[in-house]
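Asker: Going down the list, the protein sequences come from chains A and B.
Here the first sequence stands for residues 1 to 116, numbered as in the numbering used here.
Here the second sequence stands for residues 1001 to 1116, numbered as in the numbering used here.
Treat the hints as calculated values from the structure; they're not laboratory data.
This one's a predicted model, so the numbers in the text were calculated from it and none came from an experiment.
Treat the hints with care, as some may be off.
Unchecked claim - Lysine-lysine pairs mimicking DSSO-like chemistry, simulated, CA-CA at most 30 Å apart:
(1) B/Lys1013 x A/Lys49
(2) B/Lys1052 x B/Lys1030
(3) A/Lys69 x B/Lys1013
(4) B/Lys1052 x B/Lys1013
(5) A/Lys69 x A/Lys49
Claimed, not checked - Partial chain B-side listing against chain A, Cβ under 8 Å, derived:
(6) Phe1045
(7) Phe1060
(8) Phe1064
(9) Gly1084
(10) Tyr1103
(11) Glu1104
(12) Gly1108
(13) Pro1109
(14) Gly1110
No residue lacks a Cβ here, since even glycine has one placed at the ideal position from N, Cα and C.
The primary structure of each chain is shown beneath.
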Amino acid sequence: AQSVTQLDSQVPVFEEAPVELRCNYSSSVSVYLFWYVQYPNQGLQLLLKYLSGSTLVESINGFEAEFNKSQTSFHLRKPSVHISDTAEYFCAVSDAGGTSYGKLTFGQGTILTVHP
Amino acid sequence: DAGVTQSPTHLIKTRGQHVTLRCSPISGHKSVSWYQQVLGQGPQFIFQYYEKEERGRGNFPDRFSARQFPNYSSELNVNALLLGDSALYLCASGRGTSGTLGYEQYFGPGTRLTVT
């Protein structure tokens, strides 16, 4: 069985400050990792993913995450946040193999609030 | 290109009733997965379907069922509704194929179900 732990339920920061949202996972098999963002009253949007290759992955809006296999972590970072980054962020993990391509295990979510 | 669409957007039902939720995947995607997101929590996997066959099932009672149609759209059915079934129901579509791209899941806006 897999599990995902997001270590902070809420993270308040000021605009233009850096932020890190922490995610740790537990799995007995190799995994693929994802970060999704959810704005109020909306569905989930895929923010970035680690499937293979470089352990550092980046999104088009300045977020990055690094897959650390030894620490079983996939923390999300942004060097300078904007008001528009205010949302809930979910870390998710999937088995890297088998046929359950659609089964994602999610963390509890981290609410990022950016203050002016 | 159209994204994942879900209907209805909102739904209010009474305990004991039955509900059907609908999802249309992204064009070209053959896999549909369903998730339940209770307020304040991360999404929980309910089902995955690929090519009209169930590929995965989460830890949900038999009151929950689903099916996928030849055009890859899907229905989620819930019988004998309980107050605890109140949640946002999310549909995700994916290629469903082997290889890393098969693991990317794209979510619809969700159906907000309220059971009174």
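Asker: Take the hints in turn and mark each one as holding or not.
Answerer: Now the hints, each set against the structure:
1. B/Lys1013 x A/Lys49: violated, 37 Å
2. B/Lys1052 x B/Lys1030: holds, 9 Å
3. A/Lys69 x B/Lys1013: violated, 45 Å
4. B/Lys1052 x B/Lys1013: holds, 28 Å
5. A/Lys69 x A/Lys49: holds, 15 Å
6. Phe1045: Holds, because the Cβ-Cβ distance from B/Phe1045 to chain A comes to roughly 5 Å (cut-off 8 Å).
7. Phe1060: violated, 13 Å
8. Phe1064: violated, 15 Å
9. Gly1084: It is violated, given that the least Cβ distance between B/Gly1084 and chain A is near 18 Å, above 8 Å.
10. Tyr1103: Holds. Min distance 5 Å.
11. Glu1104: holds, 7 Å
12. Gly1108: Constraint on B/Gly1108 satisfied, holds at 5 Å.
13. Pro1109: At 4 Å from the nearest chain A Cβ, B/Pro1109 passes the 8 Å test, so the hint holds.
14. Gly1110: holds, 5 Å
The structure does not agree with the numbered hints 1, 3, 7, 8, 9 stated previously, though it agrees with the rest.
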